[in-house]
Amino acid sequence: MDDALFLSRLQFAITIGFHFLFPPITIGLAWLLVFVEWKAWKTGRVDWVNAGKLFAKLLALTFALGVASGIVMEFQFGTNWAEYSKYVGDIFGSLLAFEAVIAFFLESTFLGLYLFGRGRVPKWVTWISVLMVAVGATISAFWILVANSWQQTPAGYILNETTGRAELQDFMAAVFNPSMLPRFFHTMTACLVCGCFFMAAVAAYRLRKNPDSGLDRKTMVTALVVGMVSSILVAFPTGHVHAQQVARTQPEKFAAIEGLYETQSGAPLVAFGLVKTQPPELKAEVRVPIPGLLSWLAFGDPDAEIKGINDFPEDERPPLWLTFVSFHNMVILGLWFQLLLFLALIQLWRKKLWTSRKLLMAIIITMPLTLAATQFGWVAAEVGRQPWAVYKLLRTADAGSVTVPAEQVLFSLILFSVIYSALLALYLFLLKREAGHGLEPAAEAKEVAA
Amino acid sequence: MTHEFLQTTWFLLIFVLLAGYAVLDGFDLGVGMWHLFTRDDHERRLGLNAIGPFWDGNEVWLLTGGGALFAAFPPVYAVFGPTFYLPIMLLLTALIFRAVSLEFRSKLESRAWRQFFDWAFSLGSLVAALLFGVALGNVVRGLPIDAEQLYTGGFFNLLNPYALLFGVTGVVLLAMHGAAYMACKTEGDLRQRMLGRVVRCWVVFLVLFALVNVYTAVEVPRMFNTAFGRPVLTALFALLALAAVVYLPIAARKDKAFHAFLCSAGTILAGFGLIGVSMFPTFIPSSLEGGVTLSAFEHSSTKLTLTWMFGVAAVGVPIVLVYTAGIYWIFRGKVVLDDHSY
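Read top to bottom, the protein sequences are chains Z and S. One point on numbering: in this note's numbering, the residue at position 442 of the first sequence is 442, and numbering is uninterrupted. One point on numbering: in this note's numbering, the residue at position 41 of the second sequence is 41, and numbering is uninterrupted.
These are computed hints drawn from the structure, not numbers from a lab. Be aware that a few hints might be false.
Think about it this way: if two alpha-carbon atoms lie no more than 20 angstroms apart in a straight line, the pair counts; the simulated PhoX-like pairs of lysine-lysine are [to be verified]:
# : chain 1 : residue 1 : chain 2 : residue 2
1 : Z       : Lys218    : Z       : Lys39
2 : Z       : Lys57     : Z       : Lys432
3 : Z       : Lys39     : Z       : Lys57
4 : Z       : Lys53     : S       : Lys107
5 : Z       : Lys392    : Z       : Lys307
6 : Z       : Lys209    : Z       : Lys351
7 : S       : Lys107    : Z       : Lys57
8 : S       : Lys334    : S       : Lys254
9 : S       : Lys107    : Z       : Lys432
Input sequences plus hints: build the corresponding full structure.
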């Protein structure tokens, strides 16, 4: 049982981690394409039209991986987390069902229309279809984040003693539970950052081969501007408000991600630190030299008292090292994205961006780092929720299926690991190929002239 | 709305979603099964692009069916998942292979590349269709669920002859469905070959269908007892099945591919209807003495949850049906390959 549980947790982490590489790109990219296709429709300029075609193919490729890996997620709740499904199905299950009815149909149907309809349907239909893909993807993110938020900060339920499960009492309270809106806006802006870096990295890759490409200059500018705005929004106000909410609603997680071990008022903000778990403490920490900064950030009061890890019962503490490191990596990467985008915009303003080969390379290298940042944020959020599957209601240890033998879970774990590794390699290979599509300098020059 | 009304409605809706999945994704699984039985690359691309704009939306029917089961009947979902652990993992693998093969296959000219994804796509389709049938057969037959609502069998219990017969019948039915769809979407020689396959599948299907009925009468007599206890609905679906099965080969012979397609769709729907009528309100019968039989009335979500779900479905499903119908209308007619094609 314990082996099966551990393997199920590992499988869940691997499958959802792999899946979560793709939606941030498709959600962000879909919204950027809404703009690109709008320009293509309204101006009719060949650069915008070709930009739409190029990124539609890349969207399709990324979407296929997201769909393929996403189906696994829904079924895993039933196969590996049967006790969880029974316990929260009344609430959590319906949220997933809403996602399917309202969002999945919308995005997948209109994606088909968007990809295959070009040339068959009027241009405005193409635009509407990409808009619906973006709307569908966003609604999908909304419902899945509602479901996740409910695990973090359950609300609107009562515990039924007879059935032994959490049951819905107030639907709106369950949907708009305390962490829902902060999480949604933080995640959505993060998706925009990912989408922008994806578009910018493709443009950078192509501009390094042909600095005169009009198509790529246009997408680069679009991505940089939207990226700059969203990389600020992801930190402030959305990230900040989200962290404040965690401090209020899940104090154990907050103490763990901030590396706060002793309860104190006027708590300082730790910028770097080495986590030691036995006994829990930070070694060689670097603090931001403003007294009471963490207290002020969390509660708007530099003297506010924040509870440290050591004052929580030992069996209610999340893993300390992983949460701290993931959270801090996310923050550092977020700062790097802002800096890089700022530098790129300066170079753009000085009209030197197209030939700044090193800067373009930095944008390409940073693209995967935006996905790393979303993964780190997700790890901080979900590992920080432990040891609970549903905060203070159901322990992860009690959530797994009891009849599935460990060997079967091991089998599926290996199976998915192998398949996902292969898919990732193929995806990157095809991405590079498709990104360079139509990049013969002569052809590009002709387009610019036209 | 009473709790019973909502439970009945959601039992019905889950059957509708699964039947809808079988009809819609069924034809693209069928197209997948025939994928290797083609003459050249052009024909294979015709097959892929015939389902290109639709397959992803079709698969959502399965996701929605699964989601609705999770939401409306969590204890049933919690028994179904662990019981069919390995089959579900294999099914997911098959669906992953299908999805990426469609997207990847035509990206490179290389023969080996295309051949690999052709096989992955085709085998993925076949395995998925087979597993659905085997799972359905096991559910109909009943499973060893104990008093704690836990499955007490192992993986190999699932591979009983009855369930396997169900699986094979499902494969043949979807192969027929896929061939009829391909005939609708293509012209000339390919279309004629596909219509020929429809008729051949029909013959095999008739034999298997008769076997399934005989075997059910012997192995799971309660199915017939329940069905005869509800004569009006049973007669309705039986007549639909009869009409569809009789007209199908006539339509195929007369070169009316779309009629043949409607008939195979009708056959699938009638099949789900008959199973639903014979099972309601049971989802998973227990084959154990003193075991728990999972049913819509005893293992559902709360009235409040079912009411919210009913509201969302009442508004959402018609909208989904409208734009789904819209996209099928836009891409009606024969497949044409252009530079956006797979």
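Structure-based check of all given hints:
1. Lys218/Z with Lys39/Z: Status holds; Cα separation ~11 angstroms.
2. Lys57/Z with Lys432/Z: 12 angstroms, holds
3. Lys39/Z with Lys57/Z: 18 angstroms, holds
4. Lys53/Z with Lys107/S: With Cα atoms ~15 angstroms apart, Lys53/Z and Lys107/S stay inside 20 angstroms; holds.
5. Lys392/Z with Lys307/Z: 17 angstroms, holds
6. Lys209/Z with Lys351/Z: It holds: about 18 angstroms lies between the C-alpha atoms, which stays within 20 angstroms.
7. Lys107/S with Lys57/Z: Cα-Cα ~11 angstroms, so holds.
8. Lys334/S with Lys254/S: With a Cα-Cα distance of about 19 angstroms, the restraint between Lys334/S and Lys254/S holds, given a limit of 20 angstroms.
9. Lys107/S with Lys432/Z: With a Cα-Cα distance of about 12 angstroms, the restraint between Lys107/S and Lys432/Z holds, given a limit of 20 angstroms.
In summary, this structure violates none of the numbered hints.
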